[in-house]
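Student: Protein chains in written order, with the working numbering: chain A, 114 to 328; chain B, 114 to 328.
Among the hints, erroneous ones may be present.
For identical chains, the list gives no copy identity; a pair is met inside one copy or between any two copies.
[Stated by the list, open to error] Think about it this way: if two alpha-carbon atoms lie no more than 20 Å apart in a straight line, the pair counts; the simulated DMTMM-like pairs of lysine to aspartate or glutamate are:
1. K170 to D311
2. K219 to E256
3. K219 to E283
Please keep in mind that the hints were generated in silico from the structure rather than gathered at the bench.
2 protein chains.
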Amino acid sequence: MAGAAVRVFNGRGGEFDAVVDTATKAGVQVRVHGRRDAQPEVHVDVTLAQAVLKGDKMDDVVRDAVMMGVLAIRPIVTTRSEVALASLRRSHRQERWQRISVSSAKQCGRAVVPVVHEACTFEEALGPLGGTGSPRCGLMLVEPSAAASVVSVGEVGSKPSDATILIGPEGGWTPEEITLGSSVCRLVTLGSRTLRADAMGLVAIAALLTHWREL
Amino acid sequence: MAGAAVRVFNGRGGEFDAVVDTATKAGVQVRVHGRRDAQPEVHVDVTLAQAVLKGDKMDDVVRDAVMMGVLAIRPIVTTRSEVALASLRRSHRQERWQRISVSSAKQCGRAVVPVVHEACTFEEALGPLGGTGSPRCGLMLVEPSAAASVVSVGEVGSKPSDATILIGPEGGWTPEEITLGSSVCRLVTLGSRTLRADAMGLVAIAALLTHWREL
Numbered sequence: 114m115a116g117a118a119v120r121v122f123n124g125r126g127g128e129f130d131a132v133v134d135t136a137t138k139a140g141v142q143v144r145v146h147g148r149r150d151a152q153p154e155v156h157v158d159v160t161l162a163q164a165v166l167k168g169d170k171m172d173d174v175v176r177d178a179v180m181m182g183v184l185a186i187r188p189i190v191t192t193r194s195e196v197a198l199a200s201l202r203r204s205h206r207q208e209r210w211q212r213i214s215v216s217s218a219k220q221c222g223r224a225v226v227p228v229v230h231e232a233c234t235f236e237e238a239l240g241p242l243g244g245t246g247s248p249r250c251g252l253m254l255v256e257p258s259a260a261a262s263v264v265s266v267g268e269v270g271s272k273p274s275d276a277t278i279l280i281g282p283e284g285g286w287t288p289e290e291i292t293l294g295s296s297v298c299r300l301v302t303l304g305s306r307t308l309r310a311d312a313m314g315l316v317a318i319a320a321l322l323t324h325w326r327e328l
Numbered sequence: 114m115a116g117a118a119v120r121v122f123n124g125r126g127g128e129f130d131a132v133v134d135t136a137t138k139a140g141v142q143v144r145v146h147g148r149r150d151a152q153p154e155v156h157v158d159v160t161l162a163q164a165v166l167k168g169d170k171m172d173d174v175v176r177d178a179v180m181m182g183v184l185a186i187r188p189i190v191t192t193r194s195e196v197a198l199a200s201l202r203r204s205h206r207q208e209r210w211q212r213i214s215v216s217s218a219k220q221c222g223r224a225v226v227p228v229v230h231e232a233c234t235f236e237e238a239l240g241p242l243g244g245t246g247s248p249r250c251g252l253m254l255v256e257p258s259a260a261a262s263v264v265s266v267g268e269v270g271s272k273p274s275d276a277t278i279l280i281g282p283e284g285g286w287t288p289e290e291i292t293l294g295s296s297v298c299r300l301v302t303l304g305s306r307t308l309r310a311d312a313m314g315l316v317a318i319a320a321l322l323t324h325w326r327e328l
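Take the sequences, apply the hints, and build the full model.
Tutor: Below, the structure written as structure tokens:
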């Protein structure tokens, strides 16, 4: 409605007070008149690399991860995933998850809309972690018994500038994936409790942000 | 089916291997032949005192809290709750939540079934926290701006033997409730992020267990 006071955000950290000029079916024109202090963002650039889950559980994972302050979500397809990359692309799931990211950012008052990348394979997701140059922090969530080198969240170390959290599908990682992942990631466990696959992301992010004093 | 190998648990920490003797509509008889090592429980007796949420969101809160290892759930009715104690009793919600506790314990492999208490008022929930004798740890989740004495999870202090986590309804606590609560609880915040009311419990438990090195 023309004249209404609204708050708008650009999805990249800017949040503004504005007044509606015109509102039609084709769109809304607003007049911006002041920058607001947007909600502060987390000081670690977190990417959640989550194996695509069954049904629409991934919708909740995206919604929750955005609420917790991640900067990006990278859906991955692993050996035990029950969905194929081709079918994800055909069904335009990435566009759907990106819309969920926008609406979750709005609901939580975040001025930044996290990007949801196109789905890729587990090996592709590891790519950015292995490079020389700027060392990136990869954290692969596993069962406590997965390997001798598994650490708990409290042993992950001090706050990095960025972190990629890798979480497997309902059926877990294969031993080969754990071996491959351990070459470029730390293997991290959330303890002996059995968590539902669709809750792992939220719990892992909450635990890591607590450890890094970001909660 | 007679002869089938099963695993049974008594809901109080005991887990056993057994074989089915007879299975009829009236019930199943099993022969227990060995005690198993049950999944270890959290070393803090956590009670989640959660203001009842709208619709069936409380079902998810109960399910998630049991998954995270709480020992009890106490539904509470606060000033801004949109449900009344009488209507909760009439609709047998406590029995429903107790059944959800059983099924979540099973799903997560916990040998302990957390008790879901009958709903009570906020003031009644504070009762056990104010007493002399064994000091109990009450933690009331609030917005960062709620009072001068609000601390972050990292400042909550060392691991207590028991803790009651109080979480308000969608509309939050009233200022009077915060004043009353602060007389027997620490006021704790999860930071400046805006969390959905139905996710607060899971995030708070994950954060506190991380802080206490229980994850």
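Student: Hint by hint, note whether the structure agrees.
Tutor: Hint by hint, here is what the structure shows:
In this assembly of identical chains, the alpha carbons of K170 and D311 lie at most 20 Å apart whether taken from the same copy (6 Å) or from different copies (16 Å). Proximity of K219 to E256 under the C-alpha cut-off of 20 Å is restricted to the inter-copy arrangement: shortest distance 19 Å between copies versus 34 Å within a copy. Taking the shortest alpha-carbon separations for K219 and E283, only the inter-copy value of 17 Å comes in at or below 20 Å, while the best intra-copy value is 29 Å.
When held up to the earlier numbered hints, the structure conflicts with none and fits them all.
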